[in-house]
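All chains, please: the whole structure from these sequences, using the hints.
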Amino acid sequence: MKDANLLLRRFGAALKAALAIAFLIPLFFTVLVSVRPEAEPVTNGNIFFGSEVTLDNYQRALDIAPWSLHYLNSIVFVAGTLLVQLLTVTAAAYAFARMKFFGRNILLLIILLQLMIPSGVLLVQNFRTIQLLGLFDTRVALMIPYWGSAFGVLLLRQTFREVPLELEEAARIDGANLYQVIRHVYITNAIPAYLAFALVSVSSHWNEFLWPFIITRSEEIRPLTVGLNKLIKTTDQGAFYGQLMAGTLIVIMPLVILFLVFQRQFVESFARSGIR
Amino acid sequence: MRLSARQRSLVGLLQPYLLIAPTLVLVLIFNVAPAFRTVNDSLYKPARGLNAAGRPPEFVGLQNFRDIFDDTHYMGGRFLRTLRNTVIFAAATVGIGVPLGLMTALLLNRGQPLLGLWRFAVFYPSLLPLIGAASIWSFVFSDSIGLANALLRTVGHPGLNWLGDRNLVLFSVVIVNIWKQAGYFMIFFLAGLQNISRDIYEASSLDGAGPMQQFVYLTMPLLRRTLLFVVVIAFTFAFQTVEQLQALGEGGPADSANLLLYLVFQNISERRNWGYVNAMTIVLIGLVLVFTLSNFLLFERDEPT
Numbered sequence: 021m022k023d024a025n026l027l028l029r030r031f032g033a034a035l036k037a038a039l040a041i042a043f044l045i046p047l048f049f050t051v052l053v054s055v056r057p058e059a060e061p062v063t064n065g066n067i068f069f070g071s072e073v074t075l076d077n078y079q080r081a082l083d084i085a086p087w088s089l090h091y092l093n094s095i096v097f098v099a100g101t102l103l104v105q106l107l108t109v110t111a112a113a114y115a116f117a118r119m120k121f122f123g124r125n126i127l128l129l130i131i132l133l134q135l136m137i138p139s140g141v142l143l144v145q146n147f148r149t150i151q152l153l154g155l156f157d158t159r160v161a162l163m164i165p166y167w168g169s170a171f172g173v174l175l176l177r178q179t180f181r182e183v184p185l186e187l188e189e190a191a192r193i194d195g196a197n198l199y200q201v202i203r204h205v206y207i208t209n210a211i212p213a214y215l216a217f218a219l220v221s222v223s224s225h226w227n228e229f230l231w232p233f234i235i236t237r238s239e240e241i242r243p244l245t246v247g248l249n250k251l252i253k254t255t256d257q258g259a260f261y262g263q264l265m266a267g268t269l270i271v272i273m274p275l276v277i278l279f280l281v282f283q284r285q286f287v288e289s290f291a292r293s294g295i296r
Numbered sequence: 234m235r236l237s238a239r240q241r242s243l244v245g246l247l248q249p250y251l252l253i254a255p256t257l258v259l260v261l262i263f264n265v266a267p268a269f270r271t272v273n274d275s276l277y278k279p280a281r282g283l284n285a286a287g288r289p290p291e292f293v294g295l296q297n298f299r300d301i302f303d304d305t306h307y308m309g310g311r312f313l314r315t316l317r318n319t320v321i322f323a324a325a326t327v328g329i330g331v332p333l334g335l336m337t338a339l340l341l342n343r344g345q346p347l348l349g350l351w352r353f354a355v356f357y358p359s360l361l362p363l364i365g366a367a368s369i370w371s372f373v374f375s376d377s378i379g380l381a382n383a384l385l386r387t388v389g390h391p392g393l394n395w396l397g398d399r400n401l402v403l404f405s406v407v408i409v410n411i412w413k414q415a416g417y418f419m420i421f422f423l424a425g426l427q428n429i430s431r432d433i434y435e436a437s438s439l440d441g442a443g444p445m446q447q448f449v450y451l452t453m454p455l456l457r458r459t460l461l462f463v464v465v466i467a468f469t470f471a472f473q474t475v476e477q478l479q480a481l482g483e484g485g486p487a488d489s490a491n492l493l494l495y496l497v498f499q500n501i502s503e504r505r506n507w508g509y510v511n512a513m514t515i516v517l518i519g520l521v522l523v524f525t526l527s528n529f530l531l532f533e534r535d536e537p538t
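First to last, the protein sequences are chains E and L.
Per this note's numbering, the first sequence starts with residue 21, numbered consecutively.
Per this note's numbering, the second sequence starts with residue 234, numbered consecutively.
Source of the hints: derived by calculation from the structure; they are not laboratory data.
Ideal Cβ placement from N, Cα and C applies to all residues, glycine included.
Hints are supplied without guarantee of correctness; some may be wrong.
[Stated by the list, open to error] Just so you have them, the derived chain L footprint on chain E, three or more residues with Cβ under 8 angstroms:
id : stretch
1  : 168 to 178
2  : 274 to 284
[Unchecked claim] Computed, partial: chain L to chain E, Cβ under 10 angstroms:
id : residue
3  : ILE321
4  : ALA324
5  : LEU339
6  : PHE353
Here you go:
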């Protein structure tokens with residue numbers, strides 16, 4: 021029995037290493053290919069390094085798209101989305117958590133419809149709505165479908181309900197108005213939930229491609245993912261993978277580094293993003 | 234400003250509605266209304282012919298649905314192939330990706346050195362933009378210089394046309410999706426495992442249960458809820474994750490790896506296909522709803538009171 025357990029543990033360790041390597045290999049070779057001379061196959065000579073280590077690919081990737089502009093656009097997109105979300109979500113979450121009003125349940129159910137019919141699926145109609153509103157090719161068009169968040173309302177409503185009612189009553193007796201109650205009693209006691217919401221919101225919008233691609237035309241407002249798409253389409257004809265991998269790394273590296281630093285928070289936030 | 238008691242009670246009455254108004258209005262504009270308009274527009278065909286531009290669309294009843302489910306129709310052929318791909322894609326992602334996520338969670342669960350590194354290795358793909366992940370794999374799968382074929386050649390295989398062979402390309406897209414999602418599934422299992430008390434394992438060890446018995450009789454029954462939940466969200470995501478196609482063959486030769494939402498996206502500016510695109514969206518909404526609704530019914534423990 022003891023031998024069998026030891027064997028099982030050894031097997032588990034080997035499996036774990038194999039899995040980790042399998043998941044990391046694509047990233048590993050992306051880095052390698054990005055510093056090899058262009059069009060030097062990995063099968064050519066040394067599998068790890070080409071005839072020389074070069075940054076030419078990065079130079080050419082940088083020339084194809086205005087990456088600093090795309091970075092700025094992505095930052096504006098996720099920050100603008102998140103800031104408005106924080107306001108709408110906080111207000112609605114407080115109302116649903118602590119106020120009694122006619123139609124409360126049915127109104128909450130309507131908001132929850134967003135979770136059942138995500139706006140991504142409604143691409144076609146939302147595209148037309150944006151055109152009708154005259155918002156096509158504007159920054160607002162990128163963000164507006166996400167300014168209301170059923171997920172955020174649910175998450176914060178749950179958190180607000182766990183705040184002891186006595187705290188609110190005490191603040192009211194001290195003369196606090198609604199804004200002050202929400203600000204000092206509820207928000208202060210829900211920081212981890214806000215952090216979880218922010219991480220999920222930022223990372224999902226940072227990665228978004230289809231919506232920004234169809235709803236914008238000007239490079240001046242298009243985010244990173246759309247810039248990367250341009251590089252992919254440029255690369256299609258000649259298979260310049262060195263340049264493509266360099267560009268891909270330019271796009272994904274900040275996220276990977278952010279994850280390395282805040283790993284625990286990311287994992288915990290994402291774990292909350294599903295389980296309610 | 235001083236308010237009379239009457240005015241104050243009116244403000245108090247309106248206050249909750251004002252607080253929820255922004256969220257409610259946005260959900261109505263971008264989720265509820267478009268869902269209804271999709272149903273409506275799926276029953277119409279745009280006017281055809283020379284002066285079509287100004288003429289109102291023509292009501293055709295369920296004709297658009299008949300067309301897209303008709304194999305011989307130009308759109309029906311594409312739609313049916315794509316629908317089949319979407320179901321295979323979702324089933325394969327869930328059937329392979331979820332057990333893989335569970336397995337990695339079990340392997341990583343015990344407190345151990347380098348946990349951060351292991352977790353990073355499996356989870357980082359979930360954080361990448363789908364299109365970035367696809368870009369990486371477009372190199373892995375590339376014909377001449379790609380990694381996958383380089384590996385195959387070391388064992389004497391001539392290499393495969395991963396993104397060009399119509400029997401293979403859907404499989405390649407599935408691999409990318411599993412690589413991308415398994416880590417995301419894993420964290421739910423890790424959270425579920427952490428909720429299982431260590432005492433149960435100790436007690437069962439004292440009674441002589443080995444690791445296999447513990448897995449079958451303790452871990453699995455206690456994880457059932459988490460497993461169900463992950464399966465449901467995995468299906469929901471699978472129907473919506475299509476952006477990788479942009480970098481991986483754009484649906485493959487003759488739609489051999491096309492997916493529903495991507496087909497909709499490809500036809501978004503084709504005026505003559507407007508009715509079809511809406512009918513296809515209805516089918517997609519139907520698929521998504523089955524799973525989001527079951528998620529809601531199974532897991533929304535916290536009912537509105």
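Against the structure, the hints come out as follows:
1. 168 to 178: holds (count 5)
2. 274 to 284: Result for this restraint: holds, n = 5.
3. ILE321: violated, 19 angstroms
4. ALA324: violated, 19 angstroms
5. LEU339: holds, 8 angstroms
6. PHE353: holds, 6 angstroms
When each numbered hint is compared with the structure, violations occur for hints 3 and 4.
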